[in-house]
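Peer 1: Read off the chains here:
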Amino acid sequence: MNLLPFGHRRWSRLVDEAADGALSERQRARLERHLARCGRCRAELEELRQVRAFLGSLEGPPLPRSFLLTPAMVERRGGEARPALAWRAATLAAQAFALAGAIAFGVLLTLQFTLERTPPAAPEEHRGAGGAAESVQPDGRGEAPAAGSPYHAPPVVASSPSPGQTPMAEPSDVAAAGQSPPVEGGYLGPAVTPDVRTTEGTPVPEASPGTPAAVHDHAVEEAPPPGASLAAPKATGERPFDPLPFAIAAGIVTAAATALTFILSRRT
Amino acid sequence: MSGIGDLTDEELVLLSKNGSLDAFNRLVERHQSAVYAVTYRLLGERTAAEDATQETFIAAFRALHGFRSGSVRAWLLRIAANQAKDQLRARRRRPALSLEAQTSAAERTRTDTVAEDPVTAAEQRARRSALQQALLELPFEQRAVVVLIDVQGYGYEEASRVLGEPVGTVKSRLFRARRRLRELLLAQAELFGLEERREGRGTV
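First to last, the sequence lines map onto chains A and B.
Our numbering puts the first residue of the first sequence at 59, with every later residue one more than the last.
Our numbering puts the first residue of the second sequence at 172, with every later residue one more than the last.
Here chain A stands alone, though its shape is the one from the complex:
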């Protein structure tokens, strides 16, 4: 409309008013004179009138039902808003926990790996290594159910060498959490003990390739912890702080919170 010939804007307004049927006698006469020599304004006025007519011909839609209020409609609502708000708050809290847990898990695991790399390995600590590996097992059992699902195995194998990615594997753990636990000693036992022997002084990421293929196929969540646990004792000899249990705790929190988030999101 900005491209109208110079001076046309004031005619546009007059045309609008005319289409509205709201012109004074003087305005009308002025517009008539203009319309006599301006086909464009004539067409515009005609079309605007037609638009009005079309709109006016739209009938009211038939009432689909009665909208009379019942006493229940008027009372119920106050109590209804609160649960909705509570659900949303709960979902938000669960999400926050999941996120915090995932971050803590990643950070602690990274810490675990870096701690283990810096000090030189002490050979005598291997007794302790077995103990630490054992302490992982309760956690391993908790997460092991994921092993039953064939979908989840590949991504985890990919993620196990790099601790930074492990939080990403969390949702799949949760999804699989409902499945029945597999035989426990099956892979945890063999997987851990040989590793303890073979990984003397070797960095953990290399421990993964050394483990039997069966472990890769099944271990979802425990793949990093056993690998990490081997290193833990080396650290405990010199350091008071062992991040591994915390990492495991964070992992469990993440898994639980993610599951909760999932359930809550289903509800709302």
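These are calculated hints, taken from the structure and not from any lab test.
Remember, it's a predicted structure, so these values are computed and weren't measured experimentally.
A virtual CB, placed ideally from N, CA and C, is assigned to each residue, including glycine.
Honestly, I wouldn't trust all of these hints.
[Claimed, not checked] Coverage of chain B stretches by chain A, computed from C-beta distances (three or more under 8 Å per stretch; other residues unrestricted):
id : region
1  : 221-228
2  : 291-302
3  : 346-352
[Unchecked claim] In silico negatives: residues of chain B with every beta carbon more than 10 Å from chain A:
id : residue
4  : 180
5  : 336
6  : 364
[Stated by the list, open to error] Going by beta-carbon spacing under 8 Å, a handful of chain A positions derived as facing chain B:
id : residue
7  : 129
8  : 153
9  : 157
10 : 165
Given the coordinates of chain A, work out where chain B should sit on it, guided by the hints.
Peer 2: Showing chain B alone in chain A's frame:
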């Protein structure tokens, strides 16, 4: 409850304020067609319009104490326009069915107008549907003005009260809306019988 139907809107509001749902339901009976028609044109879809209409009356009943005086219909329509706006906002958050599909389906199920000639009937339906579609392309504020004034036939005063805007604003919005609609309908000139019969119109 014999005389309750003869009471004026304002008298019914007064009774409703004292907790009479029966009195309020007389108001519902009186104005539900208008409220539904406006929300239907604003939303272009039946289910959403039904929801908005029901919500309007529930909200109005709760907000009765806020009603001072004036047109009950304008007050209800104001709530209705806000309900429709909320619906659209919610729909934007989670878009489900396309608007076009809903609109044409809604228009197809209409049986109120019967043209004896099936071709004319189909044409009318197509025109109504295209018109509703064009309405939905307008910004909400413009659509509201055009629905109240050109579709529903209310005056500037009432539209101004419904929308809470001065008459001048309502008027210029209406003019802008009509011009936009004209453009949209010209794009389907054959359907609306608007031929390009303008001499010397430079392509804009």
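Peer 1: Hints first: check each against the structure and report whether it holds.
Peer 2: Hints and how they fare:
no. : hint    : result
1   : 221-228 : holds (count 4)
2   : 291-302 : holds (count 3)
3   : 346-352 : holds (count 4)
4   : 180     : holds (16 Å)
5   : 336     : holds (17 Å)
6   : 364     : violated (8 Å)
7   : 129     : holds (6 Å)
8   : 153     : violated (18 Å)
9   : 157     : violated (22 Å)
10  : 165     : violated (34 Å)
Hint check: violations occur at hints 6, 8, 9, 10; the rest are consistent with the structure.
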